[in-house]
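Residue numbers (the numbering used here), protein chains in the order written: chain A, 66 to 234; chain B, 5 to 187.
To be clear, the hints were calculated from the coordinates, so they are not data collected in a lab.
Don't be surprised by glycine CBs; every beta carbon is placed ideally from N, CA and C.
Please note that the accuracy of each hint is not assured.
If you want a taste of the chain B side facing chain A, the calculated C-beta under 7 Å gives, among others [as the list claims (entries may be wrong)]:
| id | residue |
| --- | --- |
| 1 | V32 |
| 2 | N33 |
| 3 | Q58 |
| 4 | F61 |
| 5 | W65 |
| 6 | Y120 |
| 7 | S122 |
| 8 | G123 |
| 9 | I126 |
| 10 | L130 |
| 11 | V177 |
| 12 | I180 |
| 13 | E181 |
| 14 | L184 |
Computed cross-link-like contacts, DMTMM-like style, restricted to lysine to aspartate or glutamate with a CA-CA straight-line distance of at most 25 Å [stated by the list, open to error]:
| id | chain 1 | residue 1 | chain 2 | residue 2 |
| --- | --- | --- | --- | --- |
| 15 | B | K185 | B | D117 |
| 16 | A | K112 | B | E21 |
| 17 | B | K179 | A | E80 |
| 18 | B | K94 | B | D163 |
| 19 | A | K91 | B | D151 |
| 20 | B | K178 | A | E92 |
Letter by letter, the chains look like this.
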Amino acid sequence: MDKKQDILEDDKSLEKEFPLLHSIAKENPFSVPEGYFDGLSSQIIEKCRREQVAKSRWSVAIEDIKLYLLGYKWRVLTIAGCMAVLCVLAIRSNNRAVSYEAMAQSIPDSLIVQSLDKNISDISISSLEDQWPETNASTMKSPADSTNQDIIAYLIDHNVNVSDIENEP
Amino acid sequence: MSEEISDSDLLEQFRVESTRNYAFHILVNKYQKRVYWQVRRIIVDHDDANDVVQNVFLKVWKNLENFKEASSLYTWLYRIATNESLTFLKQKRANMYVPFESVSRSLSRKLEDDTYFSGDAIQKKLQNAILTLPDKQRIVFNMKYYDNVKYEQMSQVLDTSVGALKASYHHAVKKIEAFLKNN
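Using the sequences provided together with the hints, build the complete structure.
Following this line, the structure appears as structure tokens:
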């Protein structure tokens, strides 16, 4: 078969085996408009130029979009970062409040009263000693324990006029 | 003048930015006719062939810098031209939603109305016979019959073995002879 096909390349063989095809002249039956090939190269080069311009416009546009997206990305990241910090702070303060409450609930009332008593007496003694150094803390009485005589003695000691007290609203 | 510059010189000049446009201009002038006729025989219609040829050279412009010279420049151009023509017919077929026979008939009708057909009645008959062939067989026949392209070169262009091309040409000639006898 290869031999037969090879022979096809030979015009004599073509004439024998395919006489009708061989009888037709081997010429190009197509034609083109006049001067077509004179202008074709210019058309092609113009098309390539336009394509190049369009491509460069696209590349500029793509660069712009890239820059915008980059800026947008940074903006989004900054906002997300701020929100994350705020969330962390909120969670931490919430946890602290909860822990103080929980701690307070776990302490028995008697211990709190005892602690307050101790602290109040500490503050009273120190503050009194600061203000009245000559006063003996051990002799101090609470207002409920003071008699009228004690009050009068205090007023006399501090030169307080009774009429001043009476004139007070 | 363009015939004087060898393909390797053209490629060298194309790769240099300052001489790129000049080299491409020479290349187009050198090959435009051969590429056009290759496309025209497949597409038949002049206006369609004109569009396809412009696309072929646009592709050449975009890819020539990366051309590895594994084959000759003309073989590469021939390959691009053939593929672009086949793609055009495929798109046409897809747009028409019709099988191969109908596109073949549509090309035959174009041939009947073609202002740029200068052949006689027997030439028209031969062209109608060629249009009955499947696309690839038609390309093989045209390349061998009109351009006398060597099977080895055709093999590079169409990415098909030499044996398959010879068989394809043989079938094509037989079909054409039968068409000429029966019509």
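These are the hints, each one checked on the structure:
1. V32: 4 Å, holds
2. N33: Check passed: Cβ of B:N33 comes within 5 Å of chain A, closer than 7 Å.
3. Q58: Holds, because the Cβ-Cβ distance from B:Q58 to chain A comes to roughly 5 Å (cut-off 7 Å).
4. F61: With a minimum Cβ separation of about 4 Å from chain A (threshold 7 Å), the hint on B:F61 holds.
5. W65: 4 Å, holds
6. Y120: 5 Å, holds
7. S122: With a closest approach of 4 Å, the B:S122 hint holds.
8. G123: 3 Å, holds
9. I126: 6 Å, holds
10. L130: 5 Å, holds
11. V177: B:V177 check passes; min Cβ-Cβ to chain A is 6 Å, inside 7 Å.
12. I180: 6 Å, holds
13. E181: At 4 Å from the nearest chain A Cβ, B:E181 passes the 7 Å test, so the hint holds.
14. L184: For B:L184, the interface hint holds, since the closest Cβ of chain A sits about 4 Å away, which is under 7 Å.
15. B:K185 to B:D117: Satisfied, since the Cα-Cα distance of roughly 24 Å is no more than 25 Å.
16. A:K112 to B:E21: With Cα atoms ~19 Å apart, A:K112 and B:E21 stay inside 25 Å; holds.
17. B:K179 to A:E80: 15 Å, holds
18. B:K94 to B:D163: 18 Å, holds
19. A:K91 to B:D151: Distance of about 10 Å is within 25 Å: holds.
20. B:K178 to A:E92: Between B:K178 and A:E92 the Cα gap is close to 20 Å, so the pair holds against 25 Å.
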